[in-house]
Amino acid sequence: MNQSKSKRLRVGDLRVDFQSDESELRIQAAKKLGVSPSDIEEVEILKRSLDARGRPRYVYNVEVALSEARALGRLPEGVKEAPAPGSLAPERFQPRKKERVIVIGAGPAGLFCANRLADSGVETILLDRGQPVEIRGRDVSALMHRGELKEDSNICFGEGGAGTWSDGKLYTRVNDVRVRHVLETIVALGGPEEILINGKPHLGTDRLVALCKAFRAHLINEGCQVRFGAFVSELIVEEERGERVIKGVRLRDGERIDADRVVLAVGHSAREMYRHLADLKVAMEAKPFAVGFRVEHRQELINSIQYGKYAELPDLPAADYRLAENLGKGAERRGIYSFCMCPGGQVVPSHTLPDGICVNGMSHASRKGHWANSALVVSVRPEDFGAFGPIEELDDYDGLLAGMAFQHEAERRAFTLGGGGFVAPAQRVSDFKQGVASTSVRKTTYKTGIAPTDLSSCYPAFVIDALRVALDGFERRMRGFVSEDALLIGVETRTSAPVQIDRDAISYQSTSVARLYPCGEGSGYGGGIVSAAIDGLRVAETILETLSA
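Going by UniProt numbering, the sequence shown opens with residue 1, and the numbers climb by one from there.
To be clear, the hints were calculated from the coordinates, so they are not data collected in a lab. Note that the Cβ used here is the ideal one computed from N, Cα and C, for glycine as well. Worth double-checking, as some hints may not be accurate.
Distance condition first, Cα-Cα at most 20 Å in a straight line; then the derived DMTMM-like pairs of lysine to aspartate or glutamate [as the list claims (entries may be wrong)]:
hint	residue 1	residue 2
1	Lys329	Asp472
2	Lys281	Glu238
3	Lys47	Asp21
4	Lys80	Glu42
5	Lys213	Asp260
Label-pair ranges, simulated between beta-carbon atoms [as the list claims (entries may be wrong)]:
hint	residue 1	residue 2	range
6	Gly420	Asp13	50 to 56 Å
7	Glu238	Gly420	41 to 47 Å
8	Val177	Ala505	14 to 20 Å
9	Gly12	Lys287	33 to 39 Å
10	Gly308	Leu280	31 to 37 Å
11	Thr542	Arg476	44 to 50 Å
12	Gly73	Arg298	52 to 58 Å
13	Ser49	Glu238	48 to 54 Å
14	Gly78	Gly54	17 to 23 Å
15	Gly308	Ala142	41 to 47 Å
The whole structure should be built from the sequences, with the hints applied where relevant.
Structure below.
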C-alpha cells in the first residue's frame with residue numbers, strides 16, 4: 001500500500017465468483033463505497049476465504065486507497081478506516097538488565113518466544129528433548145513405516161513441536177494483532193506469501209521442515225543457543241525471601257544450567273514434566289480436553305459433498321469440513337466435533353510410549369492426496385476422568401493428572417486391540433454406528449497397518465455413545481459421511497493438554513514459582529500453531545517489559 005495522502009479504508013465481505021479475475025475487486029469495492037472504480041487508486045487483499053454454498057465464491061476483505069479528491073460522508077456498513085501505517089508493528093524493547101532466559105521446548109510457543117527475546121538482545125537458551133528436523137525426519141519415517149519408536153524423537157517431540165508433521169494449519173480464532181506478526185515471520189523465513197491472505201492458511205509438512213531449519217539458523221544468528229537432545233529432567237527451585245524461585249534446570253545427563261528465568265513451553269505430551277511439576281507442587285489443575293478417533297474418507301467424496309456439481313472443476317482446492325454437535329444442556333452439555341481436518345492427507349502415528357497407540361493427521365502443501373482425514377472427538381471434563389475406573393501403574397496424583405491417566409489408558413487399550421507393533425485398531429464407520437465389529441477393512445494411509453475390530457472398548461461408554469449419536473447429525477449435514485468405505489482409526493487423545501499450569505494474568509509467571517513462565521499449548525494456553533506462537537510472544541514481551549523497566 002502506498003504512503004500517499006489517499007484515504008485508506010478497509011472494505012469487507014466482497015464476493016467474487018471463484019472463476020473470476022481479482023480485478024473484479026476494484027469494481028465491487030467501488031460499488032460498496034458508492035464511488036467510481038477510477039476513484040480507487042489501489043486495492044490490497046487482506047483476507048480471502050472460500051464460500052462453497054451454492055456456486056463457490058471467494059469472500060474478500062481488502063484495503064483500498066481512495067483518491068484524496070473523492071470525499072466520503074458516513075462510511076457504509078462493512079467499511080472502516082485503515083490503521084495508520086506502522087501502528088500495528090511489534091513494539092521494540094531495549095532491555096537494561098542482563099539476564100539469561102531458558103526456553104524449554106522448540107515448538108511454536110518456544111520458537112517465537114526465544115526469537116522475540118534473542119532479537120531484543122536477551123541471552124537466550126532454547127532446549128528441546130527431541131532432535132533437529134533432519135534427524136527427526138528419519139525417526140518419524142522409521143516410526144511410520146516400520147513401527148520403530150524413539151521416545152524423544154517422534155511426531156510429538158523434536159524441532160517444530162507436534163505441528164511439524166501435521167497439516168501446518170495457521171488459522172486461529174484468536175483476535176490478536178500478533179497473528180499478523182506470526183504470519184509475517186513465517187513468510188520472512190521462506191513461507192509462502194499466500195498465508196497472509198488465505199482465510200484458512202496452511203503450510204503442509206513439506207514446507208514446515210524447511211521452515212524449521214530456517215528458523216533455527218535465524219535464532220543462532222541472533223545469538224540464541226539452540227540445543228537438541230536436551231531432556232530437562234528437573235526444574236531447580238530454591239527458597240528466596242520467603243518465596244520459591246526458579247534458578248535453572250538440570251538435564252537428564254546431570255548437567256545443570258543456571259538461569260534468571262525459565263519459560264516452560266514443553267507441548268501437550270510432556271508427561272514426564274507434568275509428573276515432575278506435580279512432585280514440585282507447582283500450582284496446576286486438571287483441564288477439559290477431547291478424545292476420539294481419526295475418520296478417513298476418499299477426498300473425492302468430500303469434494304462431491306461440499307462442492308456438488310462443481311466438484312470436478314480444476315480451480316477449486318481440496319474440500320475440507322467442520323462438523324459439530326452438542327448433546328445435553330447446561331452443565332451436562334457435551335460437544336462432539338471434527339478437529340484438525342486434513343484434506344488430501346494421511347493418518348500418522350503420534351504415540352510417544354511403547355505400550356500405547358495414538359494417531360493424528362497430516363498433509364503436504366499441495367493437499368493432492370486421494371484421502372481426507374479428520375479427528376472426530378468428544379469433550380471430556382475432569383469429572384469424567386475416572387470413568388475407566390482404577391488404572392494400574394498410572395499415578396494420577398489424587399486426580400491432578402487424572403486426565404493424563406485417562407489418555408494413557410485409552411492408548412493402551414488401542415495398542416492391545418491392534419495386536420501390538422503399533423498396528424492401529426480400525427472399524428468401518430457404518431459398523432461403528434450399528435455397534436457391530438468390522439471383520440474386514442480396506443487399506444488405509446496409516447502405514448504401520450490396521451486391524452479390523454470393534455472400537456467401543458477403547459473408551460468408556462459415554463464417549464462411544466456420544467459419537468454414535470453425533471454421527472446422525474454429521475450424516476444430515478454431509479450425506480455419505482457414514483458409509484462402509486469410511487474408516488475410524490483409533491485412538492486420538494492428544495487434542496490438547498490434560499492440565500493447565502496456573503499463572504498470573506498480568507506477569508504470566510507461575511502462581512507458585514517466581515520467574516517460571518508456563519507457556520503455550522502444553523501449559524494449557526494455546527490450541528494450535530498460531531495460538532501457541534502468540535502465547536510465546538506474549539510471554540516474551542512481558543519478560544522484555546520487565547528487563548526494560
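TODO: Evaluate the given range 14 to 20 Å for the C-beta pair formed by Val177 and Ala505.
DONE: 19 Å, holds
TODO: Hint says 17 to 23 Å; check whether the CB-CB distance for Gly78 and Gly54 agrees.
DONE: 21 Å, holds
Task: Holds or violated: Lys281 to Glu238, with C-alpha atoms at most 20 Å apart - done: 13 Å, holds
Task: Pairwise beta carbon distance, Ser49 to Glu238, judged against the given window 48 to 54 Å - done: This hint holds: roughly 51 Å between Cβ atoms.
TODO: With 50 to 56 Å as the target window, see if Gly420 and Asp13 comply at their CB atoms.
DONE: 54 Å, holds
- [ ] May I ask you to test the hint 31 to 37 Å on the CB atoms belonging to Gly308 and Leu280?
- [x] The hint (31 to 37 Å, Cβ to Cβ) is violated, given that Gly308 and Leu280 are roughly 56 Å apart.
TODO: With respect to the beta-carbon atoms only, verify the hint that Glu238 and Gly420 lie 41 to 47 Å apart.
DONE: 45 Å, holds
Open item on the list: Tell me if the beta carbons of Gly12 and Lys287 are separated by a distance inside 33 to 39 Å.
Closed with: 35 Å, holds
Open item on the list: Just to be careful, I want the Cα atoms of Lys80 and Glu42 compared with a cutoff of 20 Å; is the pair within it?
Closed with: 16 Å, holds
Open item on the list: For Lys47 and Asp21, compute the direct alpha-carbon distance and say whether it is at most 20 Å.
Closed with: The hint holds at about 16 Å.
Task: Range hint 52 to 58 Å (beta carbons of Gly73 and Arg298) holds or violated - done: With Cβ atoms ~54 Å apart, the hint holds.
TODO: May I ask you to test the hint 44 to 50 Å on the CB atoms belonging to Thr542 and Arg476?
DONE: 46 Å, holds
Hints 5 and 10 from the earlier list are contradicted by this structure; the remaining hints agree with it.
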